[in-house]
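Protein chains in written order, with my numbering: chain A, 1 to 731; chain B, 1 to 326.
Errors might be hidden in some of the hints.
According to the in silico footprint, chain A covers these stretches of chain B (three or more CB under 8 Å from chain A) [as the list claims (entries may be wrong)]:
(1) 1–14
(2) 115–122
(3) 166–172
(4) 258–269
(5) 307–313
Simulated from the structure, these hints should not be mistaken for lab results.
We put the beta carbon where it would ideally sit given N, CA and C, even for glycine.
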Amino acid sequence: MSPQPQAAVGAPLSRVDGRLKVTGKALYAAEHDIDGAVHAVIVDASIARGRITSIDTRDAEKHPGVLRVISHRNAPELPYRDNSGSNNPPGRRLRVFQDDRVLFHGQPVAVVVATTLEAAQHGAGLVKVEYDAEKPSTDLHEAEPGKPTAYARGDADAGLRDAAVRLDLTYQLARNHHNPMEPHATIARWDGDRLTVWDKTQWVMGTRDEIAAVFDLPADAVRVVSPFVGGGFGSGLRCWPHTIVAAVAARETKRPVKLVLGRRQMYFGTGFRPSYAYRLRLGSDRRGRLTAATHEIDAETSSYETFTEGVMAPGQMLYSMPHVSQTYRQVPLDVNTPIWMRGPGFASASFVIESAMDELAHRLGVDPIELRRRNEPSEDEAKNLPFSTRRLRECYTVGAREFGWDRRNPRPRATRDGDWLIGLGMAAGVYDPGRFPAQARARLHADGTAVVEAATTDMGPGTYTSQTQVAADALGLTMRTVTFRLGDSLYPQTGPHGGSSTMASVGSAVVDACDRVRRQAIELAVEDEESPLHGVPADEVVVRNGRLHVRGNPARGETYRSLLARHDRSHLEARGDYAGPPTPQRESYNAYNATFAEVAVDATLGLVRVRRMLGVYDAGRIISPKLAESQAIGGIVGGIGTALLEHTVTDHRDGRIVNANLADYLVPVNADVPEVRAIYLDGEDNAGNALGVKGLGEVVQVGVAAAIGNAVFNATGRRVRELPITAEALL
Amino acid sequence: MHPFSFTKAASTREALDAGRRGGRYIAGGTTLVDLMRETVERPEALVDIAGLPLRDVRVTERGGLRIGALVRMAEAAAHPKVRSLYPVISEALELSASAQLRNMATIGGNIMQRTRCTYFRDVTADCNKREPGSGCAALHGHNRTHAVLGTSDACVATHPSDVAVAFAALEATVHLLGPDGERRVPFADFLLRPGDTPNREHALKQGELITAVEIPALPRPLRSGYLKVRDRQSYEFALTSAAVALHVRGGVIREAKVAAGGVGTVPWKLPAVEQALIGERPSDRLWAEAARHASDGARPLQHNRFKVELLNRTVERRLRTVGGMK
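Taking the hints into account, I'd like the entire structure generated from these sequences.
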């Protein structure tokens with residue numbers, strides 16, 4: 001078929017759902033008005049390990065409005081079928097109300113269902129739970145690690161021994177929580193043996209399958225609806241216990257039940273970016289050519305599931321070197337299970353590797369960008385594959401030019417502005433974007449409008465808008481005449497909305513579906529004697545603004561409307577498919593960035609303030625520049641948080657999270673976010689999707705913390721290897 | 001939240017009657033309602049005093065300033081007399097909370113706000129302030145933001161207010177009205193150090209109402225300012241803070257008023273720093289030497305050791321900035 005003119009793709013459009021959002025008409029999980037819904041509030045465990053010895057629910061049950069208190073003493077036995085193909089990590093997932101064991105502080109131990117939210121909340125406070133508490137183990141540094149995952153090439157120990165320059169550095173990375181604006185929430189309604197769930201999730205199909213597995217239902221007996229998600233950052237990538245609790249409560253009370261996690265409960269009711277202890281040894285020759293690295297990586301996981309993420313990948317492929325050895329150990333703790341958080345694994349590893357590269361550059365007296373250029377690999381040395389596209393050099397060049405890198409004084413503590421020490425830093429970033437099989441359905445109506453559907457999510461990046469752009473161009477329609485629908489498990493199946501996979505995966509399926517519909521219309525026209533396009537080779541026909549015409553001859557053609565009317569067709573419809581990346585992989589496919597930071601550090605008070613940030617991205621083709629810029633700003637803001645503020649604090653005496661609220665868990669506020677600029681390199685990457693995109697939601701956060709840390713070093717001469725970097729490290 | 005009754009007081013008399021019967025006063029509600037939601041506070045009866053005529057700011061006969069207890073933080077911060085006479089008060093207020101909170105919260109409520117100690121705010125944790133005798137989880141827990149001055153083994157929580165630090169520095173007086181009439185309490189005596197009874201936080205008697213905070217007249221010209229040090233640039237409580245007011249005449253410091261926040265169980269007046277300044281000529285050396293006394297008597301905990309040095313530096317910085325003003 002003739003390539004379609006691209007009018008919407010690449011245009012800096014505003015969000016198609018923007019008006020709905022700012023007028024409050026976009027319905028988030030807890031906002032769906034479900035007739036007869038009652039309210040559920042979870043009672044959380046106040047110990048981190050042990051057994052429940054008694055639960056006194058009498059006062060709660062007597063409280064006006066309370067319908068039922070459910071705990072392990074009276075909860076139905078749940079099948080909890082295995083759910084392979086889910087995002088549940090290996091292990092035995094938490095089974096709500098199935099026994100008296102407490103596995104982490106905050107674990108649901110009971111739920112109070114009441115006719116009003118107030119009654120349910122108060123009722124939850126009236127439930128008296130007694131425990132036989134055991135001493136919990138929640139400290140990554142004190143606990144016994146599990147078996148390591150290992151990677152090796154060459155002989156890293158020998159390589160280090162022989163290296164002219166050696167660094168041996170240990171880093172501590174704090175636990176971070178996603179803290180999306182919208183709390184996690186579920187409304188569950190049973191109609192006989194069928195269950196409908198309105199849920200905050202990044203994967204309606206995943207939540208559907210997990211619920212079906214837990215209750216041992218056929219998958220098609222469960223429907224999950226999630227049209228709007230108020231931020232996710234990964235926290236919605238699996239079905240959490242509270243969703244099951246809501247479904248149990250609804251079944252037991254025979255009423256639709258709404259359950260909203262409180263902000264405090266978000267710190268143990270959903271996962272988190274695990275804390276890390278990461279020792280990196282790096283060896284190079286005198287010119288800075290890396291020769292060897294060993295990575296000893298320890299990360300938190302729960303006692304009941306083994307969570308892993310891509311923390312090993314950057315150490316294998318970001319720089320060229322013959323000798324690498326890595327161990328990655330999960331340390332089981334009495335905590336709930338972590339989950340992927342923006343730039344999962346890569347963001348954590350990049351802080352370590354990119355901070356170390358800065359140390360090496362300083363040690364050698366080489367410019368940090370030059371050091372990176374000297375270690376640029378010509379292929380992926382772990383996969384032994386060529387890169388599809390890798391334009392990191394261009395990122396450096398553009399970034400250095402646009403940021404004014406040449407004005408950086410390489411000598412630390414050399415630039416001052418009153419009480420402030422000024423520093424510039426940079427870091428490279430990489431992310432291996434996900435690509436999942438996906439399907440979509442496109443339907444062109446007789447009135448010339450179209451509806452495209454896929455069971456994906458829009459947690460904020462703008463899926464509604466960007467998929468509409470893709471569909472509009474593939475159908476030859478205007479943005480206004482195309483509606484994209486998502487967030488319903490009845491729509492064609494997709495993978496999770498995470499790992500920067502959505503545009504490559506769902507977008508490819510959308511293009512396929514729309515191409516098929518367009519082709520049906522073109523074939524209808526060219527075979528139709530009454531059509532002005534009769535006899536034209538189908539490949540010669542393009543569609544613009546809903547009108548089919550001969551390429552290069554807009555005068556000869558007709559509209560979808562006239563075509564469908566003449567054929568008495570109410571609509572044309574097709575399903576589209578994306579099968580996932582080619583297997584075996586023929587190319588190493590990654591998105592890259594160079595991130596630059598200017599910070600000011602108060603010379604005596606130790607406060608760090610970011611002054612400027614720039615990210616330059618090699619992310620393939622950019623479908624929606626305005627959304628992409630918003631993504632970059634969001635990623636950089638997230639990186640500022642990780643670098644300077646965010647730290648979930650656990651009291652290891654009893655496993656309690658001490659700062660489970662947004663006054664004490666600090667995220668950047670407007671005043672912390674300086675001038676942020678994003679530059680996406682023009683171009684595309686056709687390694688495995690029709691759109692030429694790479695995905696960008698993760699890579700924009702990778703490297704940000706290191707760039708800031710390196711700028712802090714340039715400002716102060718202090719190297720801080722513990723995140724977040726706070727005043728006490730700089731006094 | 002526990003069930004409670006709610007009445008609006010139409011007059012000061014009505015408020016006092018309700019207060020005498022055990023009612024808790026509520027004005028802006030920005031602290032109390034939060035704590036009720038967390039069930040840290042469980043009042044049975046709330047008495048809304050927001051309608052009482054305690055909202056004026058006026059210059060006293062002696063040239064001091066009287067700020068009504070129900071003046072909103074935002075109103076006080078913007079008031080021309082506050083800005084011109086005591087910039088330290090405006091600055092402390094503007095560095096507090098968020099714009100939305102400052103539009104609701106009152107001066108009286110601000111000085112009555114309770115600690116941000118996370119163990120105090122978590123009803124499942126031990127806290128002598130919340131439940132006398134239960135113990136202090138913060139003493140050997142996570143105590144990075146806790147106090148280093150005025151602490152006891154029973155409690156190490158800071159007083160969170162910024163403007164109270166300015167009031168302490170300026171030696172304000174709290175005007176109270178109770179069933180037995182009016183009385184005035186020096187600010188230094190109004191907020192109580194924890195000792196063995198951290199649940200007792202202030203000098204108010206049952207049913208007493210704060211009607212105003214009065215700042216005494218101070219010799220003019222008076223330079224003043226507030227510095228707040230915190231991890232986040234806005235919307236966070238102080239790690240350390242310093243309120244400074246200086247009267248310099250003939251090249252000599254004649255009057256010095258200094259207090260610190262974020263470090264004490266109450267806003268921490270710094271008489272030793274003041275004494276080191278009075279009678280001296282401003283110089284960078286003087287600021288540093290005087291500020292060294294700021295942490296006299298500090299008793300740091302496991303995670304807040306840095307506050308001792310940070311406090312000295314915070315006071316030094318504010319002295320230098322205020323002292324160096326033209």
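Going down the list of hints, with the structure as the test:
1. With a cut-off of 8 Å between beta carbons, the stretch 1–14 of chain B has 3 residues touching chain A; three or more are needed, and the interface restraint holds.
2. With a cut-off of 8 Å between beta carbons, the stretch 115–122 of chain B has 5 residues touching chain A; three or more are needed, and the interface restraint holds.
3. A stretch counts as covered by a chain when three or more of its residues have a beta carbon under 8 Å from one of that chain; for the stretch 166–172 of chain B and chain A the count is 0, and the coverage is violated.
4. Proximity of the stretch 258–269 of chain B to chain A, defined as three or more residues with a beta carbon under 8 Å from a beta carbon of that chain, is not established by the 0 residues found.
5. Interface restraint, the stretch 307–313 of chain B with chain A: holds (3 residues with C-beta to C-beta distance below 8 Å; minimum three).
Against the hints set out earlier in the document, violations occur for numbers 3, 4.
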